[in-house]
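Trainee: Chains as they are written, first to last, in the numbering used here: chain S, 1 to 112; chain B, 1001 to 1114.
FYI, nobody ran anything at the bench for these hints, they're computed from the structure.
Misleading hints may appear alongside valid ones.
What the hints assert, rightly or not - Here are the computed lysine-lysine pairs in the DSSO-like style, where the Cα-Cα straight-line distance is at most 27 Å:
(1) S:LYS5 / S:LYS56
(2) S:LYS68 / S:LYS56
(3) B:LYS1055 / B:LYS1013
(4) B:LYS1018 / S:LYS37
(5) B:LYS1055 / B:LYS1070
(6) B:LYS1018 / B:LYS1055
(7) S:LYS71 / S:LYS54
(8) S:LYS5 / B:LYS1013
(9) S:LYS54 / B:LYS1013
On a predicted model such as this, the values are computed, not experimentally measured, just so you know.
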Amino acid sequence: DQQVKQNSPSLSVQEGRISILNCDYTNSMFDYFLWYKKYPAEGPTFLISISSIKDKNEDGRFTVFLNKSAKHLSLHIVPSQPGDSAVYFCAADASGNTPLVFGKGTRLSVIA
Amino acid sequence: DVKVTQSSRYLVKRTGEKVFLECVQDMDHENMFWYRQDPGLGLRLIYFSYDVKMKEKGDIPEGYSVSREKKERFSLILESASTNQTSMYLCASRGGSGILYEQYFGPGTRLTVT
């Protein structure tokens, strides 16, 4: 039973346009959400996060939106660049020292 | 600069061999984790540890064991490697849970079992 779902295994976007990656969760105890980016043959690196008390967090070209009532979050990348091509993992955290729960990832390809 | 290091980037082992994957972190983190990544399956948690000599099973512990004798080191052991354990193995560490604590990953070990 997947608690964190990334329903799009892949996404292809033109350079300069917006990339929107989506993530849904089922556990209402999650109170902190993270996005990780992973290049082939490397470990994931932290990208951006959001607390459940917020509905938006922005860092440069990256913005994460959280809709708690829908149990949905999304990562927006504007403008998309070829170097953004990677696998993006959504992760959720519940207070109480439990491991992060990861989605299966979305492979983003940004085409020049 | 935070660091999680893994002993090998690439490893080739034969079926039935005992395999040790080592992970070291230099951030004095309490929590350490082992994942494997496979296409279409995402990151799956194998084992984790919240303290020295402590271990907890993750989602897919079968065929694996772990050891944490020192805070900075967390080892993953494949007692008898099988071809279905061919995968990318990722170690991670984290100082705690919640918004104050980021989780850091090592570079990964690509293990091939033939």
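Trainee: Hint by hint, say whether it matches the structure.
Mentor: The hints, checked one at a time:
With a C-alpha separation of about 20 Å, the suggested pair LYS5 of chain S and LYS56 of chain S falls inside the 27 Å cut-off, and the hint holds. Distance restraint check for LYS68 of chain S and LYS56 of chain S: the Cα-Cα separation of roughly 11 Å lies within the 27 Å cut-off, and the hinted pair is therefore satisfied. Our distance criterion of 27 Å between C-alpha atoms is met by LYS1055 of chain B and LYS1013 of chain B, whose separation comes to about 25 Å. At roughly 32 Å between alpha-carbon atoms, LYS1018 of chain B and LYS37 of chain S are farther apart than 27 Å, so this suggested pair is violated.
Distance hint between LYS1055 of chain B and LYS1070 of chain B is fulfilled; the C-alpha atoms sit about 12 Å from each other, no more than 27 Å. Restraint check: the Cα-Cα separation between LYS1018 of chain B and LYS1055 of chain B comes to about 20 Å, which is no more than 27 Å; the hinted pair holds. Restraint check: the Cα-Cα separation between LYS71 of chain S and LYS54 of chain S comes to about 13 Å, which is no more than 27 Å; the hinted pair holds. Proximity of LYS5 of chain S to LYS1013 of chain B is assessed by CA-CA distance (about 33 Å); at most 27 Å being required, the pair is judged violated.
Taking the CA atoms of LYS54 of chain S and LYS1013 of chain B, the gap is about 47 Å. The hint is violated against a cut of 27 Å.
Taken one by one, the earlier hints fail for this structure at numbers 4, 8, 9, listed in ascending order.
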